[in-house]
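**Student:** Chain residues, written in single-letter form:
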Amino acid sequence: MTKVGVVVFPGTNCEADVIESVRALGGEAEMVWHGDASLPAVDAVVIPGGFAHGDYLRPGAIAQFSAIMGAVKEFADKGGPVVGICNGFQVLTETGLLPGALQKNAGLKFLCQPAELRVATTNSALTSAAEVGQTLHIPINHFEGNFTCSPDTLAQLHDEDRVVVTYVDNPNGSMGDIAGVCNQGRNVVGLMPHPERASNALLGSEDGNVMFTSLLQSALTNA
Amino acid sequence: MTFSVLVEVQLRPGISDPQGQTIERALPNLGYEGVSEVRVGKSMRFAVDAADEAAARAQVDELCQKVLTNPVIEDAIITVEPT
Chain A
1 MTKVGVVVFP GTNCEADVIE SVRALGGEAE MVWHGDASLP AVDAVVIPGG
51 FAHGDYLRPG AIAQFSAIMG AVKEFADKGG PVVGICNGFQ VLTETGLLPG
101 ALQKNAGLKF LCQPAELRVA TTNSALTSAA EVGQTLHIPI NHFEGNFTCS
151 PDTLAQLHDE DRVVVTYVDN PNGSMGDIAG VCNQGRNVVG LMPHPERASN
201 ALLGSEDGNV MFTSLLQSAL TNA
Chain B
1 MTFSVLVEVQ LRPGISDPQG QTIERALPNL GYEGVSEVRV GKSMRFAVDA
51 ADEAAARAQV DELCQKVLTN PVIEDAIITV EPT
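Those protein sequence lines, which keep their order, are chains A and B.
Per our numbering: the first sequence ends with 223, consecutive numbering throughout.
Per our numbering: the second sequence ends with 83, consecutive numbering throughout.
No lab work stands behind these hints, which were simulated from the structure alone.
One or more of the hints may lead you astray.
Only part of the chain B face toward chain A is listed, based on derived beta-carbon distances under 8 Å [claimed, not checked]:
#1 I15
#2 T22
#3 Q65
#4 V67
#5 N70
#6 A76
#7 I77
#8 I78
#9 T79
Residues of chain B placed beyond 12 Å of chain A at every Cβ, according to the derived structure [claimed, not checked]:
#10 D17
#11 L68
#12 E74
#13 V80
Here chain B is said to cover these stretches of chain A; the calculated rule only asks that three of the stretch's residues, wherever they fall, bring their Cβ under 8 Å from a Cβ of chain B [said to hold, decoys possible]:
#14 48-61
#15 145-158
C-beta: ideal position from N, C-alpha, C; glycine also.
Hey, can you work out the whole structure from these sequences and the hints?
**Tutor:** Shown next as structure tokens:
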């Protein structure tokens, strides 16, 4: 069975939701402590949301030096699927596994609300089971979700079809309405919205499941 | 030798600064006209032991690149002084 490792830093708070979402789709999931220098035998890695190391200095700034991140980088370099959700996205940009940075929201409001997303590419570990142009209703919950990069990087992301999901109504000022991007290998994906909070009709939306289904498929290919 | 260090972290030119913009927009309401180009950053002070000022500066440069700033969006102005 496909197994997903869910990285837990001090201050991470979405790990249980991610694990529940993966298990509901028939996958296996286990927590991985940030202080461990190696990953257990997993087929995919998720860095969930929260406030790793209190978000001190900058979100993700301290987390990039946690022992586990060396193993995560190695796993990603070998093509293993790695997904960063919200704070996990911030950690992946700080680590350099993904381009750009997440700035304070334009308007300086902490945003906790439903968001309408559009799938921009299905060529990524997180959207392979979706359709281009598909609309997904997945909530956001962040203060620093304003995707920022140089004009050159933005052009490169578009040229290389690496924008994974965009906002229909840009809530936070992100350049290019970007809600999620992937690396050149397309196995590392980061997004600000929380698919695990849209994984059951009881939560108001099941649209996040197509992302976890994609991740489990990518993990299976990688296994 | 111990050197006292001041690192001023600023958003790079061209990077939008939501805090600076909000402050700038608020100032006319308080009766302050003619204030522009508001940019908000943060400063850090610490002490560094090094053989000389150049070595201290090199170490602080590296610290800024690796952890104290995010070079994608931030620049650092570094001041190093003997204590």
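**Student:** If any of the earlier hints don't hold here, list their numbers in rising order.
**Tutor:** Hints 3, 6, 7, 8, 9, 10, 11 and 12 contradicted; others consistent.
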